[in-house]
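S.K.: As you go down the protein sequences, you meet chains H and R in turn.
Heads up, the first sequence is in the working numbering, so the first residue is 454 and it goes up one at a time.
Heads up, the second sequence is in the working numbering, so the first residue is 39 and it goes up one at a time.
I should point out that these hints are in silico values taken from the structure, not numbers from a laboratory.
Some hints here could point you the wrong way.
[As the list claims (entries may be wrong)] Mimicking PhoX-like on lysine-lysine, the simulated pairs with C-alpha atoms at most 25 angstroms apart in a straight line are:
no.: 1; chain 1: R; residue 1: 174; chain 2: H; residue 2: 468
no.: 2; chain 1: H; residue 1: 499; chain 2: R; residue 2: 266
no.: 3; chain 1: R; residue 1: 313; chain 2: R; residue 2: 302
no.: 4; chain 1: H; residue 1: 705; chain 2: H; residue 2: 755
[As the list claims (entries may be wrong)] Label pairs and their calculated CB-CB ranges:
no.: 5; chain 1: H; residue 1: 639; chain 2: R; residue 2: 364; range: 28 to 38 angstroms
no.: 6; chain 1: R; residue 1: 365; chain 2: H; residue 2: 678; range: 52 to 62 angstroms
no.: 7; chain 1: R; residue 1: 232; chain 2: H; residue 2: 475; range: 40 to 50 angstroms
no.: 8; chain 1: R; residue 1: 345; chain 2: H; residue 2: 639; range: 52 to 62 angstroms
no.: 9; chain 1: R; residue 1: 334; chain 2: H; residue 2: 728; range: 28 to 38 angstroms
no.: 10; chain 1: H; residue 1: 748; chain 2: R; residue 2: 302; range: 51 to 61 angstroms
no.: 11; chain 1: H; residue 1: 580; chain 2: R; residue 2: 343; range: 34 to 44 angstroms
no.: 12; chain 1: H; residue 1: 483; chain 2: R; residue 2: 301; range: 54 to 64 angstroms
no.: 13; chain 1: H; residue 1: 483; chain 2: R; residue 2: 224; range: 54 to 64 angstroms
no.: 14; chain 1: H; residue 1: 748; chain 2: R; residue 2: 232; range: 38 to 48 angstroms
no.: 15; chain 1: H; residue 1: 472; chain 2: R; residue 2: 100; range: 51 to 61 angstroms
no.: 16; chain 1: R; residue 1: 101; chain 2: H; residue 2: 696; range: 38 to 48 angstroms
The structure presented is a predicted model; accordingly, all values stated were derived computationally and were not measured.
The beta carbon of each residue, even a glycine, is placed where N, CA and C say it ideally should be.
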Amino acid sequence: MAQMTYAQAGCLALKQEMERDGNVWALGEDVGPEGGVAGQYLGLQKHFGAARILDTPISESMIMSAAIGSALLGMRPVAELRYADFALCAADEIINQAAKIRYMLDGQVRVPIVIRQPIGMRWGMAAQHSQSNENIWIGTPGLVVVAPATPADNHGLLKAAIRSDDPVVFMEHKELWLVQGEVDEDAEPIEIGKASVRREGSDITLLSWSKTANNCLAAADLLALKGVSAEVIDLRTLWPWDRETVFKSIQKTGRILIAHESPRVGGFGGELLAEIAEVFWGQLKSRHMRIGSPRIPVPYSKPLEDICRIGPEIIASTAALLCNTQ
Amino acid sequence: MSFLRDLPSQERVLELLQTMCLIREFEEAAGQALALGHVRGSVHQYTGQEAIAVGVCSHLNHSDYVSSHHRGHGHAIAKGVSPYRMLCELFGRQGGTSNGKGGSMHIADFSLGMLGANGVVPDGVTMAVGAAHAIKMQGRPEIVVAFFGDGAMNRGPLFEAFNWAKLFNLPVLFVCEDNGYSVTLRTLDVTGGPPAAERVTAFGIPVSYVNGNDVVLVHQSSGDLIEKVRAGGGPHFLHASTYRWNGHLAHDKGLYRDPLEVEKARKDDCLLNAKNWLILRGTSSGRIDSLRNAARQQISRDVENALKAPFPSLETAFTEVQDLGSPVWHR
Numbered sequence: 454m455a456q457m458t459y460a461q462a463g464c465l466a467l468k469q470e471m472e473r474d475g476n477v478w479a480l481g482e483d484v485g486p487e488g489g490v491a492g493q494y495l496g497l498q499k500h501f502g503a504a505r506i507l508d509t510p511i512s513e514s515m516i517m518s519a520a521i522g523s524a525l526l527g528m529r530p531v532a533e534l535r536y537a538d539f540a541l542c543a544a545d546e547i548i549n550q551a552a553k554i555r556y557m558l559d560g561q562v563r564v565p566i567v568i569r570q571p572i573g574m575r576w577g578m579a580a581q582h583s584q585s586n587e588n589i590w591i592g593t594p595g596l597v598v599v600a601p602a603t604p605a606d607n608h609g610l611l612k613a614a615i616r617s618d619d620p621v622v623f624m625e626h627k628e629l630w631l632v633q634g635e636v637d638e639d640a641e642p643i644e645i646g647k648a649s650v651r652r653e654g655s656d657i658t659l660l661s662w663s664k665t666a667n668n669c670l671a672a673a674d675l676l677a678l679k680g681v682s683a684e685v686i687d688l689r690t691l692w693p694w695d696r697e698t699v700f701k702s703i704q705k706t707g708r709i710l711i712a713h714e715s716p717r718v719g720g721f722g723g724e725l726l727a728e729i730a731e732v733f734w735g736q737l738k739s740r741h742m743r744i745g746s747p748r749i750p751v752p753y754s755k756p757l758e759d760i761c762r763i764g765p766e767i768i769a770s771t772a773a774l775l776c777n778t779q
Numbered sequence: 039m040s041f042l043r044d045l046p047s048q049e050r051v052l053e054l055l056q057t058m059c060l061i062r063e064f065e066e067a068a069g070q071a072l073a074l075g076h077v078r079g080s081v082h083q084y085t086g087q088e089a090i091a092v093g094v095c096s097h098l099n100h101s102d103y104v105s106s107h108h109r110g111h112g113h114a115i116a117k118g119v120s121p122y123r124m125l126c127e128l129f130g131r132q133g134g135t136s137n138g139k140g141g142s143m144h145i146a147d148f149s150l151g152m153l154g155a156n157g158v159v160p161d162g163v164t165m166a167v168g169a170a171h172a173i174k175m176q177g178r179p180e181i182v183v184a185f186f187g188d189g190a191m192n193r194g195p196l197f198e199a200f201n202w203a204k205l206f207n208l209p210v211l212f213v214c215e216d217n218g219y220s221v222t223l224r225t226l227d228v229t230g231g232p233p234a235a236e237r238v239t240a241f242g243i244p245v246s247y248v249n250g251n252d253v254v255l256v257h258q259s260s261g262d263l264i265e266k267v268r269a270g271g272g273p274h275f276l277h278a279s280t281y282r283w284n285g286h287l288a289h290d291k292g293l294y295r296d297p298l299e300v301e302k303a304r305k306d307d308c309l310l311n312a313k314n315w316l317i318l319r320g321t322s323s324g325r326i327d328s329l330r331n332a333a334r335q336q337i338s339r340d341v342e343n344a345l346k347a348p349f350p351s352l353e354t355a356f357t358e359v360q361d362l363g364s365p366v367w368h369r
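Sequences and hints are given; from them, build the entire structure.
M.R.: Here's what the structure looks like:
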């Protein structure tokens, strides 16, 4: 076990996978001497050379195309797109090519790539550097979508993503880069598609992922002060999502609140709640709810940006409302 | 430089003509099958441009790669893909190159280095550059040929691809098949500044020009370029001028074009040009005509057989989506 940051945990996972498999390589802007925007590639180019940790021009379409083209010839690339916002410059290559090639060619080839595109608000970076648009990729057949919330999960899930034969959209959260945690350096990859019960409880299930899952943990502390026992489930993988763990928890608590940083309208919470309603129709103790940011571009100014944040207080107060213990 | 290269033998040109005839007959059969309702969507016919795919691919090894675009039947046949399997694909049948899951714009055969036609301009080119990147990383001897049209020259990602190929000195030959049209618009009418090839020189990529309706010239010039690319000379760009005989799609009658322009272009027929070249050197016209007849018979047989192939079973709609989180079919 070692103490390290979320960024260092990602760096370690990539290093270990590159040592394990000579076909793994990474490409993107500033991944070389700069070590990536958050140091998540720090020291890797020195270790593996400039060909396997490739600094690229600002060419998102070509970063994705080089990843896909190389995957078609047997490589296992990790494409760094810097921010989820910039991944939209390569949305065609991700959605029209990477996600569909295996299907369109009926399995002649697979596209084992990891598409790293950090999400979320940090430092007041405004509307084009703060988005959480995971719902785009969840709605695209062919893609796996992963969003880890802890250093250990970032380590174990990145390893799993690299070993997956599917194209995996890997969404780290920019505000988690410096979060410290215990990581078992020798840990096996974490199985994709398995949620993690971060805290057990009996009154309500708080379902979330990425940074908002951590906020749910803090909300559970607040709720405990009011005598509400909240169970916190961190989905970790958004597609495929872990029905078994989620349904088991709801069966136990009878209440469900979903929280995410992406806009509430059209967000993945709506899809999850629809599925939950189909399964638990008439069986819940209170109405089910989802909270997400309002459907506005992420504003710059601090008090305005805060409106978009789904923090522990709003999660706790909404959960308390559902439990009738305001 | 192409004049320095020896002319191909008559036998070699006969082989090239044979493949060109196969493509011509394939496209005519595809158009007819569409009209009869056997093909869904539409087909983008390569008719008139056959000399380019055939001339270029004649230099490629089995293990070399080509990537193509929506007008991709010619490149597939030139790389050796079975017309029967392609027709099965067009008819949506089991036994097609994608067992009916892809259709005309997604014909690929990785066992032959055919990386695929593509429904999005210019993604075949950008991914071809990615494939070339892998070849270089893996230290392999193969090269990649990326075919695309003049219409692609107004898409931004193509310029990313030119820069990338030059920056990393990749083994890729860019072949721009300039048929003059971007769907229904004349490419020159929607292009500001100089045309295709002149822009490419700005990337430091050497450009060659060839008459794309003359298979002997295409064969010669692409042979030189492929040698250079294979020797590690980095990317090259071949501009092949040609004409799209039909509309953008088989449905499209191309009425936006001057009929005289079309008539003139059809007289500059690459099949006829190859035939004249051979006759001038003593090949009998009977031998040449027999190639066309044989191609017609083969394609007509293939059409007949492909129409007998079964449709894919319904559960295959749910296979090869993804390993993790693949949907399950409930009847």
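S.K.: Taking the hints in turn, state whether each one holds.
M.R.: Structure-based check of all given hints:
no., hint, result
1, R/174 to H/468, "holds (22 angstroms)"
2, H/499 to R/266, "violated (33 angstroms)"
3, R/313 to R/302, "holds (18 angstroms)"
4, H/705 to H/755, "violated (39 angstroms)"
5, H/639 to R/364: 28 to 38 angstroms, "holds (31 angstroms)"
6, R/365 to H/678: 52 to 62 angstroms, "violated (43 angstroms)"
7, R/232 to H/475: 40 to 50 angstroms, "holds (44 angstroms)"
8, R/345 to H/639: 52 to 62 angstroms, "holds (59 angstroms)"
9, R/334 to H/728: 28 to 38 angstroms, "violated (56 angstroms)"
10, H/748 to R/302: 51 to 61 angstroms, "holds (57 angstroms)"
11, H/580 to R/343: 34 to 44 angstroms, "violated (57 angstroms)"
12, H/483 to R/301: 54 to 64 angstroms, "holds (56 angstroms)"
13, H/483 to R/224: 54 to 64 angstroms, "violated (42 angstroms)"
14, H/748 to R/232: 38 to 48 angstroms, "holds (45 angstroms)"
15, H/472 to R/100: 51 to 61 angstroms, "violated (34 angstroms)"
16, R/101 to H/696: 38 to 48 angstroms, "holds (45 angstroms)"
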